[in-house]
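*Asks:* Spelled out from the first residue to the last, the chains are:
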Amino acid sequence: QKEVEQNSGPLSVPEGAIASLNCTYSDRGSQSFFWYRQYSGKSPELIMFIYSNGDKEDGRFTAQLNKASQYVSLLIRDSQPSDSATYLCAVSSGGSQGNLIFGKGTKLSVKP
Amino acid sequence: KAGVTQTPRYLIKTRGQQVTLSCSPISGHRSVSWYQQTPGQGLQFLFEYFSETQRNKGNFPGRFSGRQFSNSRSEMNVSTLELGDSALYLCASSLGDSYPEAFFGQGTRLTVV
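Those protein sequence lines, which keep their order, are chains A and B. One rule links them: number in this note's numbering = place in the first sequence (from 1) + 39. One rule links them: number in this note's numbering = place in the second sequence (from 1) + 3.
A short, non-exhaustive set of chain A residues, derived as facing chain B with CB atoms under 10 Å:
(1) S71
(2) Y75
(3) Q77
(4) S82
(5) E84
(6) F88
(7) S131
Hints listed in this document are in silico derivations from the structure and should not be mistaken for laboratory results. As the structure is a computational prediction, the values presented were derived from the model and not from experiment. Heads up, the beta-carbon is just placed ideally off N, CA and C, and yes, glycines get one too.
From just these sequences and the hints, can you work out the full model?
*Replies:* Have a look at this one:
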């Protein structure tokens, strides 16, 4: 059974701090890794994707991938109250990349 | 560029009925995937279509089926609805394997009573 694990949280950080979200996956054949943000009552929104080991930065967001450890993380710098949402880690499951396995998400709360 | 469009946004159905949900992908996207989201199970993969062919199927009963048309629009059908089918059904589209970034529609909220 291919799995993606995330700490459900809630993760609470003060405004301006760095929020660190973590994800582990079981399938060593996974090739693509995604972070989605989902506000309550809304659909998931793609915020980062990473395919190679190392770091990838986009604005306040940094995704980190370590395939040897089967670990993906998302750092949010200068966290804002508007970042409060559930963050979903998704991993492509071999073969076709249209089959994403999702973690159950980490709820982030940024306190003003 | 228009995003992924799902219709209808909300549905209420009775147990035993069937339902069809529709998804129009982003223009140029050929891959369409369907997911079920519930509070208990999270987001679960249903199936993926690419160029009118089902490429992958998740672990759902045969009551769940889908298809894709030549214009990449996709439909999902659930027959003999059960109370447990109440969920948010999400469609995601992507260009294809070389560009697997998937973008979600707003979803269809299905309630089975």
